[in-house]
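Novice: The chain contents come next:
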Amino acid sequence: MTSKTAEAAQHTIRRVLDDKRHMPGALLPILHAIQDQLGHVPPEAVPEIAEALNLSRAEVHGVITYYHHFRSEAPKGAVVQVCRAEACQACGSDALWAHANKQAAGQNLTLEQVYCLGLCATAPAMSIDDKPYARVGATKFDHLLAQLKEAA
Amino acid sequence: MSTIRIYVPRDSAALALGADEVAAVIALQARQRGLQIELVRNSSRGMFWLEPLVEVETQAGRMAYGPVQPDDVASLFDAGFHTGGQHALSLGLTDNIDYLRRQERLTFARMGITDPVSLADYQAHEGYAGLRRALALQPGEVVQQVLDSGLRGRGGAAFPAGIKWKTVAAAQLPQGERRAVPSRTAAPPEGDTAEGRRGEPFLQKYVVCNADEGDSGTFSDRMTMEGDPFMLIEGMTIAALATGATRGYIYVRSEYPHAIATLNEAISNATAAGFLGDSVLGSGRAFHLEVRKGAGSYVCGEETAMLESIEGKRGVVRAKPPIPALKGLFGQPTVINNVITFASVPIILARGAAFYANYGVGRSKGTLPIQLAGNIKHGGLVEKAFGVTLRELMVDYGGGTASGRPIKAVQVGGPLGAYVPEAQWDLPMDYEAWAAVGATVGHGGIVVHDDTADLARLARYAMEFCAVESCGKCTPCRIGSTRGVEVIDRITRGENRPQQVKLLRDLCDTMVNGSLCAMGGMTPFPVLSALNHYPQDFGLSNPDRKAA
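Residue numbers (this note's numbering), protein chains in the order written: chain L, -10 to 141; chain U, -5 to 542.
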């Protein structure tokens, strides 16, 4: 992280803490706000969050690592989530996942598995940066990937 | 020239199939053709094989066209669809579509019809009639209505909602502790929770909606939050009035960004119009509602883990007792219900308990919004009174598998629900009747698999999922699930099968009886039902033959 972006991140973290530290049960809303703005929760933020909420650093670290959603490192490119739960499995999501892994190798994107996007009647489902896609086969996946590359 | 009203859904499933793109092309084409249209982004009717389903208001009623892709729009206009003209994608009057006509939509009555965030639209369709009635009743009478309706928790546990509400309504500070909240309208100062400013205990009751709909094959909560959010808000407000709660939270999973956005918009509209806030509809009674976002933990759908998560901690299950109705969020009396439970309350109040209780069978009163998912031709939302059978749902509504192959297995009730064999497909949907054969109605999600499914693999997946998602607090779940994966692997590899099958059964017995919550306690359901009904997939001719 360059010093300039580090400074901006620091500023964001302070603003989030000022804004939300007094909420009841403030930790998750704070972590979400930081990740929404910075793309991840930088490890440097942990001591500051802990101090603002009068928690130990271990407690904050414990929460960040407990939940699948929070990430400590910035994602690479777009976040592509492929659903692997039962309803999607019934429609070929295992094959889609295998295909996605092959196609995503070396690309500028973060491929993740997710357990249910609530699109179970139009499986297999996936999302790209929170935009949902349904009935995704290999062809549609490749098409979306090409669009993603074009947009970059 | 009069304005033409065209509806394009904004439900996630419609968006995932291109509804935004279709809406954009419709707006563009209308402009190019000099037609004045009003584009309404409604909720989904729940017929997902027809999405994006575009509707046009005509003299005769709303005409449906679908599934519409952006490339179809020009030809739709050419065919005069904006005045109800015929087109290859014509489906006729929406209300006459068989799939919808044969349903009993009470909770989902507005679904697909209204603009989800329009209060005017909501109220024009019976919205807030329940709350107005509740305000005219004493809190105890409201609880009695819910009790009399027979409404049970729709999240899966099926606990009578009225009894839970009654417990919270009656909850008081333990003797000797002083009550420090001055008035019922005063919200505690920000940052204060279970303890007053000077550390004095006070009673702050909460209403919490469990919207952590993590079960695969379920989406009725998502549809409600995205498609009719005021109904949930109204139900929670009624719960607050009935129990004396002044604060509420809706805990929504992070995988549902559209639901979160819609709920926030609806809460802000409801607050601005006086349906939420310091004085609900001028009654002098407060109710403040807030959305809390989950973070991708399946076990947070368990109510005590969810409370921990709202409190800002790891979503680790609490031991019960104390029950949340007495010691819940921040240690205070808390009503916790699922989205569909709260959403069923407005109509119970508006039309009376007897109206609702008139639907259903036995002790399963009312209707259940059932979700047809997985490998199914006509997947979607079917709201029916209890008593409908699986076969009716999968065949008459669902139309069989999407792949056209025979149905092999059906999982009902999410990842913790059993695989139901064909012999039980004619059993009427009823909590007790299903429990008697070891199946679960759960949240009403039905996932269909065709004959290419490998049930041993699905059983292994159930254990694997439990291992990944276990909160780690109790040993049967945390370690049992990992051992379960290993044992199933040994069975499928053919290593001393009879002994390993016995071991798997012992392990499942320990998990069922020794786990703190349903995560470990119900993971054996899909595993054992797969083993019992589909032994050939595990390489067994008879699962218990010569168990060593």
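To be clear, the hints were calculated from the coordinates, so they are not data collected in a lab.
Bear in mind that the values here come from a model prediction, so they are computed numbers and not experimental data.
Some hints could be false.
As the list claims (entries may be wrong) - Derived lysine-lysine pairs resembling DSS-like cross-links, with alpha carbons at most 27 Å apart:
hint : chain 1 : residue 1 : chain 2 : residue 2
1    : U       : K321      : U       : K287
2    : L       : K65       : U       : K287
3    : L       : K129      : L       : K9
4    : L       : K138      : L       : K120
5    : U       : K307      : U       : K467
6    : L       : K91       : L       : K9
7    : L       : K9        : U       : K307
8    : L       : K138      : L       : K91
9    : L       : K9        : U       : K287
10   : L       : K120      : U       : K371
11   : U       : K307      : U       : K321
12   : U       : K467      : U       : K287
13   : U       : K467      : U       : K314
14   : U       : K287      : L       : K120
15   : L       : K129      : U       : K371
16   : L       : K9        : U       : K371
17   : U       : K371      : U       : K160
18   : L       : K129      : L       : K91
Novice: Check the hint pairing L:K9 with U:K307 against an upper bound of 27 Å on the C-alpha distance.
Specialist: Satisfied, since the Cα-Cα distance of roughly 16 Å is no more than 27 Å.
Novice: Within a Cα-Cα threshold of 27 Å, do L:K65 and U:K287 meet the stated pairing?
Specialist: 24 Å, holds
Novice: Holds or violated: are the alpha carbons of L:K129 and L:K91 at most 27 Å from each other?
Specialist: 15 Å, holds
Novice: Need the status of pair U:K287, L:K120: alpha-carbon distance at most 27 Å?
Specialist: Given pair U:K287, L:K120 holds - Cα atoms ~17 Å apart, limit 27 Å.
Novice: Given the hinted pair L:K9 and U:K287, is their alpha-carbon gap at most 27 Å?
Specialist: 14 Å, holds
Novice: Between the alpha carbons of L:K129 and U:K371, is the straight-line distance 27 Å or under?
Specialist: Given that 27 Å is the threshold and the Cα spacing comes to 20 Å, the pair holds.
Novice: Sort out whether L:K120 lies within 27 Å of L:K138, counting only the CA atoms.
Specialist: 16 Å, holds
Novice: Run the distance test for U:K321 versus U:K287: straight-line Cα separation, threshold 27 Å.
Specialist: 22 Å, holds
Novice: Next pair to validate is U:K467 with U:K314; report whether the Cα-Cα distance is within 27 Å.
Specialist: Given that 27 Å is the threshold and the Cα spacing comes to 13 Å, the pair holds.
Novice: Could you grab the alpha-carbon distance between L:K9 and U:K371 and see if it respects the 27 Å cut-off?
Specialist: 47 Å, violated
Novice: Is the hinted pair L:K91 and L:K9 satisfied, with a Cα-Cα distance of at most 27 Å?
Specialist: 41 Å, violated
Novice: With a cut-off of 27 Å on the C-alpha distance, tell me whether L:K120 and U:K371 pass.
Specialist: OK: L:K120 and U:K371 at ~24 Å, within 27 Å.
Taken one by one, the earlier hints fail for this structure at numbers 3, 6, 16, 17, listed in ascending order.
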